[in-house]
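J.: Chains as they are written, first to last, in the working numbering: chain A, 6 to 70; chain B, -8 to 151.
By construction, these hints were calculated from the structure, which means they are not laboratory data. What you are looking at is a predicted structure, and each value in this text was computed from that prediction instead of being measured. Each hint should be verified, as a subset may be incorrect.
[Stated by the list, open to error] Estimated spans, in silico, between C-beta atoms of each pair:
| no. | chain 1 | residue 1 | chain 2 | residue 2 | range |
| --- | --- | --- | --- | --- | --- |
| 1 | A | 53 | B | 71 | 14 to 24 Å |
| 2 | B | 71 | A | 35 | 25 to 35 Å |
| 3 | B | 134 | A | 52 | 32 to 42 Å |
| 4 | B | 32 | A | 52 | 15 to 25 Å |
| 5 | A | 57 | B | 29 | 21 to 31 Å |
| 6 | B | 129 | A | 31 | 34 to 44 Å |
| 7 | A | 33 | B | 24 | 27 to 37 Å |
Even glycine gets a Cβ: it sits at the ideal position worked out from N, Cα and C.
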Amino acid sequence: MAMDLPAVLVGSMLVGGGAGYLVDRWLNSWPWGTLLLGGVGFGAGLWTVVRSLTQTDGHERTGRS
Amino acid sequence: MDMSEQGVAELFGLRSQRRAEVLAALAGLLAALAWGSRYGPGTAVGALLGAAVALVNFRWLRLFVTTSLPAAAGEAGALGQKARRRIYRRLLARYALLLLPFCAILAGLYWPAVAFLCGLLTVPAAVLVEMLGALTRRAGQALLGRRRRFGGVPWNTSSG
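Sequences and hints are given; from them, build the entire structure.
T.: Below, the structure is given as structure tokens:
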């Protein structure tokens, strides 16, 4: 699907940011937890996207192995 | 995997990304105006800086996917282990560079960090809006295609 990679990137960032927001509410440290975990989420999403784009070891994107 | 420029552009939707860029810039300006009118010019600068950092990051990522990756893959259309490592190193160096102004902005702004965070969120928001728009357009086109196929009557599915 054309939009799956941006969706992974944005989704992981939003999940990380949401978890950070909950941590901030718990620890009363707004907005540092949101920034930190949002950044971690972005990093994880970026890692997934780059890995899926550079994966060439015999696997096709069409689902065939 | 098809690593040609056209293949990657098709995969990521180059037009959609350009539209998302424009949307993010507009959202950044709107956020700066909103924060500035409500809480003063310091917060407007914070929101504007956040939007600028997010936009630079988005542009980097877009160029990386549409030009650097296909160039590294070359004509063979595949990435070797060395090329893959070089790409990871380059990406890491870019983000290390981006982290410096990020920390400097946060250290210099003190309390408008919330406005800065709001500015950073303009790009994910713009990407989400663009994705919804693309899905809506696709659904609209599918509906139009079905109408044309069945003689302008969408519920008439009989072939004879």
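J.: Honestly, which of those hints from before does the structure not fit?
T.: 2, 4 and 5
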